[in-house]
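Undergrad: Sequence:
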Amino acid sequence: MFDGMETGLHLLIQPNGTKTFRLKIQIDGKDRRITLGSFPDMSLAEARVEAAKIKKQVKQGIDPTVPVVVNTFEMVAHKFIEWKEQVLRAEATIRKYKECLKNDLLPSIGNKDIANIHTAEIVPLLERINQRSNSLAIKNQELVGMIIKYAVQRGYRPPYTQLDLSGLIPRKPRTPKLIPKDIAATFKRIDEYPEIVMRYAMKLQFYGFLRSSETMGAQWSEIDFKKAEWHVPKERMKMRRPHVVPLVKQAIELLKELKKITSETPYLFPSLHNEKAMCGDALSKAFRSLNLIIVPHGCRTAAGTWMRNNRYAPHLVESQLSHVEKNEVAAAYQNEPHLIYLEERHAMMQAWADYLFSKVIER
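Just so we're on the same page, the working numbering is the position in the sequence shown counted from 1, plus 2.
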């Protein structure tokens with residue numbers, strides 16, 4: 003039974019009485035019959051609307067019988083993570099990306115078509131996260147921007163549709179830098195922390211002033227007690243270059259005591275929840291729990307400032323901070339930059355540790 007108003011629309015009546023709306027239409031020169039719905043669940047008016055919609059798609063060159071593939075934010079985000087794991091290979095960074103996705107982004111926009119995500123719907127999401135944590139909101143803001151950019155580059159979004167998210171969440175003022183007069187008070191208060199292994203981690207952060215994830219991921223295989231050196235492989239360093247931390251006398255004593263506690267694991271600071279090392283955030287939380295005026299990264303700032311103020315050569319300070327050599331010629335000359343100036347760096351590090359210890363004794 004064909005409809006007199008919509009060409010090709012008809013009602014098919016089966017011998018058992020079942021009635022189905024169908025549309026007869028040509029697609030790529032071939033006659034096709036498309037089922038629209040059952041009567042009376044679908045009314046004649048609804049069938050006409052659906053038939054008109056399908057005809058419009060065919061005119062636009064779209065085959066309505068081919069399922070439409072929706073590239074959701076979640077699907078593209080997982081592809082982005084897989085790509086980052088290949089090109090970045092920084093476990094701590096990848097872990098933070100995954101936490102942002104799991105805890106905040108996927109529950110809110112995971113099932114949305116990434117081609118139709120706009121800044122207006124990202125703003126309230128980031129503002130809600132910002133109420134909990136400013137730094138976390140900024141990380142999510144950066145991650146969304148990177149995923150959208152990846153989607154444009156890979157064809158999941160139309161060209162020139164990257165989102166401008168910069169400045170949506172104002173960054174709160176950073177924690178004040180640790181100045182020399184505050185070092186004694188800060189270093190001394192570490193002994194107030196109740197858990198001994200974390201106490202050792204906090205002190206080692208001052209003695210070695212690596213980035214927090216680099217400190218907490220330390221393995222016993224990296225420690226050379228004979229040479230008094232800590233060899234950090236490039237895979238664990240932010241700059242993807244191996245690094246050596248000369249171990250001062252105080253650090254050696256600390257590590258010997260720590261070894262009595264954690265030597266049965268590969269890690270100096272093993273997690274209580276799995277077989278991996280504690281994450282860098284655990285160190286940050288420990289600093290915050292004592293209401294210290296700095297975060298772990300501030301130890302790097304404090305050490306670098308003290309060394310420069312005490313007229314240590316810039317190349318020694320920068321080398322110990324594992325900063326990239328700006329002079330490309332010099333960098334090329336230094337085939338193994340982590341191994342140069344070790345004797346001088348050891349003396350500089352020992353002077354820094356002695357300064358810390360002397361200020362504590364004075365108090």
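Incorrect hints may appear among the rest.
Stated by the list, open to error - Straight-line distance between alpha carbons at most 16 Å, and here's what the computed EDC-like set of lysine to aspartate or glutamate pairs gives:
1) Lys251 to Asp356
2) Lys61 to Asp33
3) Lys261 to Glu237
4) Lys262 to Glu197
5) Lys236 to Asp356
6) Lys100 to Asp283
7) Lys151 to Asp115
Quick caveat, the hints were computed from the structure, so don't treat them as lab data.
Note that this is a predicted model, so its numbers are computed, not measured.
Undergrad: Hint numbers the structure violates, sorted upward?
TA: 3 and 5
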